[in-house]
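J.: Chain A is already provided as a structure; the job is to place chain B on it using the hints.
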Amino acid sequence: MKKKLHILFLFTAISTLFMACVKDTDFNQTDDIVISPVVALDFIFFNINSENFSEISPTNLVVTDTVFFDFLNEDFTVDNLIKADFYFKNKNSFPIQLITQYQFLDENNELNYEIIIPINLGSISNPVITEYIEIIDENSIVNLTLADKVVVNVIASSTINNIDGILNLESKICYYLRVEQ
Amino acid sequence: MKNLITCVFMFWVISLLSQNKEVLYGLEETPQVMLLNPGSRISYDYHFGLPLLSQISINVGSSGISAYDIFQESSVDINTRISNKIFELKNTDFFTATQQLELLNFGWKNKENYYFSGGIYQEFDFVLYFPKDLAILAWEGNANYIGKEFDLGEISASGDLLTVYHFGANKKLNKKITIGARVKLYSSILNFRSTSNSGTFLTRPSESGNNIYEHIVSNLDMNVNTSGITSLSELDTSTQITDKLIDSALFGGNLGVGFDLGSTYEINEKWTASASILDLGAIFHKKDVESYQVSGEYTLDGIELLFPPLGNGTSSTPYYDDLIDDIEDAFTVDTIYNSYTQMRPVKMYASIKYNFGRKIGGDEVCNCLKMGENQEYNQSVGFQYFSVFRPKGPQIAATLFYYYRLSDYFSLKATYSADSYSYSNIGLGLVTTIKMVNFYIVADNLQWYSNLAKAKSVSLQFGLNIIIDKNE
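Chains A and B, in that order, give the protein sequences.
Once you know that position 36 of the first sequence is 36 in my numbering, the rest is easy, because the numbers rise by one and skip nothing.
Once you know that position 320 of the second sequence is 320 in my numbering, the rest is easy, because the numbers rise by one and skip nothing.
Treat the hints as calculated values from the structure; they're not laboratory data.
Please note that a few of the clues may not be correct.
[Claimed, not checked] Below are the DSS-like pairs computed for lysine-lysine, each with C-alpha atoms no more than 30 Å apart in a straight line:
#1 A:K91 with B:K148
#2 B:K132 with A:K23
#3 B:K148 with A:K83
[Claimed, not checked] Negatives, chain B to chain A, calculated, CB over 12 Å:
#4 S43
#5 Y68
#6 L161
#7 D221
#8 S231
#9 D236
#10 D247
#11 V257
#12 L261
#13 E269
#14 D329
#15 F331
#16 F389
#17 Y416
#18 L446
[Stated by the list, open to error] Now the stretches of chain B that chain A is said to cover, found in silico as 3 or more residues with beta-carbon under 8 Å:
#19 131-141
#20 287-295
#21 315-326
#22 451-463
Heads up, the beta-carbon is just placed ideally off N, CA and C, and yes, glycines get one too.
Chain A with its partners taken away, still in its complex shape (with noise of 0.2 Å):
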């Protein structure tokens, strides 16, 4: 009898182990996971004088740089971005005012997005700030991420040879993500 019950308790046992069960738990709920970082990052920097102008022609009113970022169209950036917020920080000591102009340019050159920030005339002994805040939505996006190069103009409303002053820009983006399967 006693060794009846000792198999039995034995049987009940082992019989436990592999009963067990996971339960109250929904694995489906990987669908339900987005990842969501925002990530700072510098954008572009420069220092614009007379001479950037001049070196053209005493009467040039515009100066213009490209820069590329094959990153804007790759597929991980299409996917994904949902949210791009620009920030411009403009110091201006040219006692004229200017405008930058930032031309976001596919691969055939087609104009996608543009952003225009007129900037407040200076002096040397008293550089004006212009700050511009550029928030790119979900319904925009898709045209920041079809550009793959940024057209910069600078701008002068006169004429700007042998002026002093000195254009200053810092600017940085936040780029919003969305990562879902």
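T.: Showing chain B alone in chain A's frame:
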């Protein structure tokens, strides 16, 4: 990224395990106890394990998180739960998985009362420490952490797949002391190790004044050692891969040597102490070795536009390509083929127990429970200590146990352990020896068996042996 997270979670659901076999340790009715303490007391004359069935052992664990913590049915969003856990876990928390499959196990006692034993088992061992800073960076980005240094050196992981050939001897020196030793030959099949990393990533307001921020990678020095992996990636068919793995398992891979030492000391009739040290050795990786090293530092503050006067047809300055080139130049990436030595994770056990209950065995005139020539009582309580050395220091466990020999064919051991995974791990081991057939099954974290999702670690060992005692 999401798939990676899912895989990690699923992996730990099915495989979390530590290397502690706190229930099996001291269960002297099973031959496998000699693999935990080669100085265990042996009361039979021969044994051999059923090939592939004499010990199947899996152990999976996470020190700080259970599957239930993340996947519970709840009104709280799963992303909130993941976020909370990322901040709750420490960089010393870890995920581990260990698996052993015994291919062969045998032993015999000679005329001089030495008990020799040997065998072959396959082992997989993996540990990954939680890289908390990197997890925060991946989960939330750096925008809300301006000024915080992210520690890239938190990356620490190692993995081994190997075959172990072992042979040991056990001898009862006198009525009080039994000692044993085992030599092991390791045949490594696969190995990777990335444990000595350093470096930081910082985004801070610019100190140079060039731009808004500076993104700084400082003192980056990261490395991964691998062996047995490169040649696999060059094989095309599963047959070739299988052949290669089998060849590596049969001394065709990287070899190593190690030792186990152990002893049991019967202090008096009531008290018994034992201790062992296992895997005191190393594997020397010389074949199919490929290691990668990245070092350097870099400060990024955006792209400076120069507005050069360009004529018609002149291409613009390749700022972005130049930036990528600068970054690549700043970091040296080396592929190294030098051999390296990998220390095995040394494990230590120690225990002391108090024997009580009904007198059995020994030299007493008794026809009751035959526990072996040394066992005096059919019950005992005691304390066990276990530690295993891991890349970031030892993982330690303390165990209280109760042993009860119910009959000459059935005994059990119950344990309560506090370890890196939890402070309340309840384990149970059952051993039966009917005629010559010895069967054992051991599991822990039984309090979670009604819902394993809540367990931070799970381990299970079972096996079948044939034991022959000429006195029976």
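J.: Run every hint past the structure and note whether it holds.
T.: To see whether the hints hold, each was checked on the structure:
Distance check on the hinted pair: K91 (chain A) and K148 (chain B) sit about 28 Å apart at the alpha-carbon level, within 30 Å; holds. At roughly 28 Å between alpha-carbon atoms, K132 (chain B) and K23 (chain A) fall within 30 Å of each other, so this suggested pair holds. A threshold of 30 Å between alpha carbons decides the hint, and for K148 (chain B) with K83 (chain A) the separation of about 24 Å falls inside it, so the pair holds. Residue placement check: S43 (chain B) keeps its beta carbon more than 12 Å from all beta carbons of chain A (closest about 20 Å).
For Y68 (chain B), the condition that its CB be more than 12 Å from all CB atoms of chain A is violated, with the nearest at approximately 6 Å. For L161 (chain B), the non-interface assignment is confirmed: its Cβ lies about 27 Å from the closest Cβ of chain A, beyond the 12 Å cut-off. A cut-off of 12 Å between C-beta atoms confirms that D221 (chain B) is not in contact with chain A; the least separation is 24 Å. Separation of S231 (chain B) from chain A is adequate, the least Cβ-Cβ distance of about 31 Å exceeding the 12 Å criterion.
Listed as a non-interface residue, D236 (chain B) keeps its Cβ farther than 12 Å from every Cβ of chain A; the least gap is roughly 28 Å. Listed as outside the interface, D247 (chain B) is consistent with that label: its C-beta sits roughly 36 Å from the nearest C-beta of chain A, beyond the 12 Å cut-off. Remark: the non-interface label on V257 (chain B) is consistent with the geometry, its nearest Cβ contact in chain A lying 36 Å away (cut-off 12 Å). With a cut of 12 Å on Cβ distances, L261 (chain B) stays outside the contact zone with chain A, its closest approach being about 32 Å.
The claim that E269 (chain B) lies off the interface holds: its Cβ sits roughly 27 Å from the closest Cβ of chain A, which is beyond the 12 Å cut-off. The beta carbon of D329 (chain B) is kept farther than 12 Å from every beta carbon of chain A, the shortest such distance being approximately 18 Å. Residue-level check passed: F331 (chain B) sits 18 Å from the nearest beta carbon of chain A, beyond 12 Å. The Cβ of F389 (chain B) sits about 30 Å from the closest Cβ of chain A, beyond the 12 Å cut-off, so the non-interface label holds.
Here Y416 (chain B) stays apart from chain A, with its beta-carbon at least about 17 Å from theirs, past the 12 Å limit. The beta carbon of L446 (chain B) sits about 8 Å from the closest Cβ of chain A, which is not more than 12 Å, so the claim that it is off the interface is violated. For the region 131-141 of chain B, the stated coverage by chain A is satisfied: 5 residues place a CB nearer than 8 Å to a CB of that chain, which reaches the threshold of 3. Counting residues of the region 287-295 of chain B whose CB lies closer than 8 Å to any CB of chain A gives 0, which falls below the minimum of 3, so the coverage claim is violated.
Note: the region 315-326 of chain B has 6 residues with beta-carbon separation from chain A under 8 Å; the three-residue rule is met and the coverage holds. Counting residues of the region 451-463 of chain B whose C-beta sits closer than 8 Å to any C-beta of chain A gives 4, which meets the bar of three, so the coverage hint holds.
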